[in-house]
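Since the structure of chain L is already known, use the hints to place chain Y on it.
Chain residues, written in single-letter form:
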Amino acid sequence: MSANLRKKMARFLSAICLVFLSLTNHAADLHIGYKTEVTSADPHVLFGNNRNIWGHVYETLVFQNATLQATPGLATGWRSIDAHTWAFDIRPNVRFHNGALLSAEDVKYSLERAMQLKGARTFRNYLKDISAVTVSGPLRIEIKTVRPAPTLPDNIGLIAIMLRSNKPLSEEDFASGKSATGTGPYKFREWKHGQQISFEKNTDYWGAHEPWTQVTFHFLPKDAARAAALLSGSVDLIDSASSTMAGIFKNTDKIDTTSTTSYMLQYLRLDLTRDDSPYIKSADQHVLKKNPLLDQRVRQAMCLAIDRPGLVKMIMKGDAEAASQLVPEKFFGFNGSLTVPAHDTTTARALLRAAGYPRGFQISLHCSNDRYLNDAKLCEAIGQLLTQIGIKTEVRTLPFAVFATRSINGGTGGTPEFSLSMIGQGAVTGDALPSLTTLAHSMDRARGYGANNITGYSNNELDELIEQASLTMDNDQRAATVQRAARLLYDDVGVIPLLFPKSIWAYKKELHFTPRSDGFTYAMNVRVSEKK
Amino acid sequence: MVDMLLKRVAQSGAVLLFMSLLAFAGIHLIGDPIYILVNPNATADEIAAASRHLGLDLPVYQQYWHFAWNALHGDLGTSFVFNRPVLALVAERIPATLELAFCALLLAIGIGIPLGLIAGLRPNGGLHKVIMAGSVLGITMPSFWMGLLFILLFSVQLGWLPSGGRGPTVDILGLDLSITTWNGVRHLLLPALTLALFKIALVIRLTEAGTREVSSQEFIKFARAKGVSGARLMFRHIAPNVMIPIITVLGLEFGHLIAFSLVTESIFAWPGMGKLIIDSILHLDRPVVVAYLMLTLLIIISINLCVDFLYLLIDPRLRSKLN
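Sequence lines, in order, name chains L and Y.
For the first sequence, this note's numbering gives the first residue as 917, with consecutive numbering after it.
For the second sequence, this note's numbering gives the first residue as 90, with consecutive numbering after it.
So here's chain L without its partners, still in its complex pose (with noise of 0.2 Å):
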């Protein structure tokens, strides 16, 4: 065959595909790969990959923004009556997917059943605050707190809005789509369990509608089948198309990627409770006396040993953000006076001197190896970096079921067992005030404060900070106390924070894609791009 006919040949057959992918895929379908399976239909089952995807259709009164910052959703707007009473106005004509409209016992409804709603998942820890849900009008509701409560709409924006129903809905209903009733952009259309989960369009929904007539999330788990599928065509876009994809795409000039900061922190916990700490000894075996990571300096020592830019450069690949604080840039009360830690070895074996260590002591890091992306690699590489200044450093990874236990119950007593681990949290409603609450603030069971500081971190200081910030009303004196906060963690370093781990996607060159700070894919932010 001849150059010239083989040519006008692949001319002829590139013409006949795209005559026939112009009429099978008449570009208003969506199929999206999506790498954690769905597990429960019901809104109210907290879970963050259930709420990605019923956000297609089921809407909040305050929706977040790509930063995560609270916006009008079906409220139109909210204030604080008074120090324990917040009044949210109910956006008017919206409709729900069975015709009716939108009304304020539905949303004193859905509240109240989340509220109730009994299992483990579930979203009461966001509604705790929460004493009263009155209607004060068609569209007004007025919510009564037990304590004044800032972040309540932040919280509120958590919380499905659904049909009210007379009788109990149990996961059936959802699952089959029979009480699947929302106001989103999409209705529910079918749930394959392990498979795919489908939608249309709302043609009558209130807001701007959508260009995708129907839109499919394909459970792609394996890294692997995701790209396969989004290089094979057979989705438009993938989530979590890590760094280790991003070889594979660069070979082909038909996928574009895009990535954004998610709002999960990688931190080391340090056990500050115990003078005898089961996994630290002195340089040479011995027990010591007196727990090292007490001591201030040596905190700031083993900060001062981490070297962020490189673990997100070798060990991340660029899939992550150095951190300085709990939560990322443009969060509410990210403080931007706190610089990422330098690599400073000097200075740090400096200070294990002055500490009164000169020749280190040895510990060990616990680290899960199944639960974030890169965590055991990154562990390794702690491990190694906390050596180099005289820490001897032993990793040991686990599986995140065994982890999880041992590093709350798993010691003696019922006690939390690790000395040193490194773990995940996630400033889930765009705001520092929580995650410093929940593992900065002391432990106080009764007043619900540092549920999640296991390890006895305690600075007094700092814990009145925080419940001053719990406590007032006016936003801007909240973000100044909430950085206030935040930089006096810094300086004592309570807590290590590593790096913020990205999230990313990989899509269709046609397409764009808008990303969002809590890694969510919704069909939403995917527009059939204008340039191309």
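Hints listed in this document are in silico derivations from the structure and should not be mistaken for laboratory results.
Glycine is no exception: its CB is placed at the ideal position from the N, C-alpha and C atoms.
One or more of the hints may lead you astray.
Interface residues of chain Y toward chain L, partial, derived using beta-carbon atoms under 8 Å [as the list claims (entries may be wrong)]:
1) G120
2) V127
3) A133
4) F169
5) R182
6) S244
7) S252
8) S355
9) F357
Listed next, with one range per pair, are the computed distances between beta-carbon atoms [unchecked claim]:
10) L/E1296 with Y/A180: 38 to 48 Å
11) Y/K218 with L/G1093: 57 to 67 Å
12) L/N981 with Y/R275: 36 to 46 Å
13) L/I997 with Y/G256: 49 to 59 Å
14) Y/G256 with L/K1170: 18 to 28 Å
15) Y/L111 with L/A1266: 49 to 59 Å
Quick look at chain Y alone, frame taken from chain L:
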């Protein structure tokens, strides 16, 4: 005959009981699922309430007793993660796995036995070398690697077949099957072939060895001397005598196909039971793990029973022994 059946059922019951104990104790030792399930910011009170709701606050022997008592009444519990009855959860994934396993088995029989017979009948031919070399390849290649190669070649490069998922399914007699539509078959082809490769090679090797052994025996020589040849010699005299060991092995291997198809299932995102069990182990979803193990065991036990009956059908000597 009935004796044998009753004895088998009693044995199976004991094995099931032992297995449930083992599975329950094993998954309990790994850790407490409550810390994986609850919001990391949950307060101690919330964790305690959730524990009570799931019955995790009881001592482990009581949890087992509850489980066993309910299981006897046909209720294998409710999944912690999916919040649905375990039986329904596993049942809706069984058709996908069974379909995949059956197709793989059919491929193994349909490709393996003819090739094995051909190779066995001509031990010195060129075809023999090609087939046997192919079977070595099939035995030694890890199936996950072959699966990835298939995806790379047939989905990514050539674009002929989908890389994963299960295509449209049609409800046939209460089972969701994808084999009835062309699109469904396209989805099924790669995973079934990946799963079958090792079995095809195994069947080829068994059949080849069996055929060579049988065809050199006295009764075949006698049949040939009597003038029996061609298809009659093949199907009346050689094949049935080759089949006994193959059925034994295929019976065992079919159990494996069902229970351990999880590698293939996860590569091809096939929504079967394999994926469910892996996720459930990672989430310490105890009811699902225990129920899955018991159901798989039940399937394997039933397959072995079927294999025993097939022996009787094929081998007249066994029939006469029973009578």
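Next item on the list: Return the status of the interface hint for Y/F169: holds when the least beta-carbon distance to chain L is below 8 Å, violated otherwise.
Entry: 7 Å, holds
Check: Within 57 to 67 Å or not, the Cβ separation of Y/K218 and L/G1093?
Finding: With a Cβ separation near 58 Å, Y/K218 and L/G1093 satisfy 57 to 67 Å, so the hint holds.
Checklist line | Outcome of range test on Cβ distance (L/E1296, Y/A180; 38 to 48 Å) | finding: 43 Å, holds
Checklist line | Cut-off 8 Å, beta-carbon criterion: hint that Y/S252 touches chain L | finding: Nearest chain L Cβ about 4 Å off; hint holds.
Check: Regarding the hint that Y/S355 lies at the interface with chain L, is the smallest CB-CB distance below 8 Å?
Finding: 5 Å, holds
Item checked: Outcome of range test on Cβ distance (L/N981, Y/R275; 36 to 46 Å) -> Holds - the Cβ-Cβ distance for L/N981 and Y/R275, about 42 Å, lies within 36 to 46 Å.
Notebook entry, point to check: Between Y/L111 and L/A1266, does the C-beta distance stay in 49 to 59 Å?
Noted result: 55 Å, holds
Note to self: So, as I understand it, the hint says Y/A133 touches chain L; can you test that by seeing if any CB pair is closer than 8 Å?
What the structure shows: Since chain L brings a Cβ to about 5 Å from Y/A133, closer than 8 Å, the hint holds.
Check: Using the C-beta atoms of Y/G256 and L/K1170, is the stated range 18 to 28 Å upheld?
Finding: 23 Å, holds
Checklist line | chain L contact restraint for Y/G120 - C-beta distance below 8 Å | finding: With a minimum Cβ separation of about 3 Å from chain L (threshold 8 Å), the hint on Y/G120 holds.
Next item on the list: Go through the hint on Y/S244 and say holds or violated, using the shortest Cβ distance to chain L against 8 Å.
Entry: 4 Å, holds
Check: Should the hint that L/I997 and Y/G256 are 49 to 59 Å apart at their CB atoms be regarded as holding?
Finding: For Y/G256 against L/I997, whose Cβ atoms are near 56 Å apart, the range 49 to 59 Å holds.
The structure meets every hint from the earlier list without exception.
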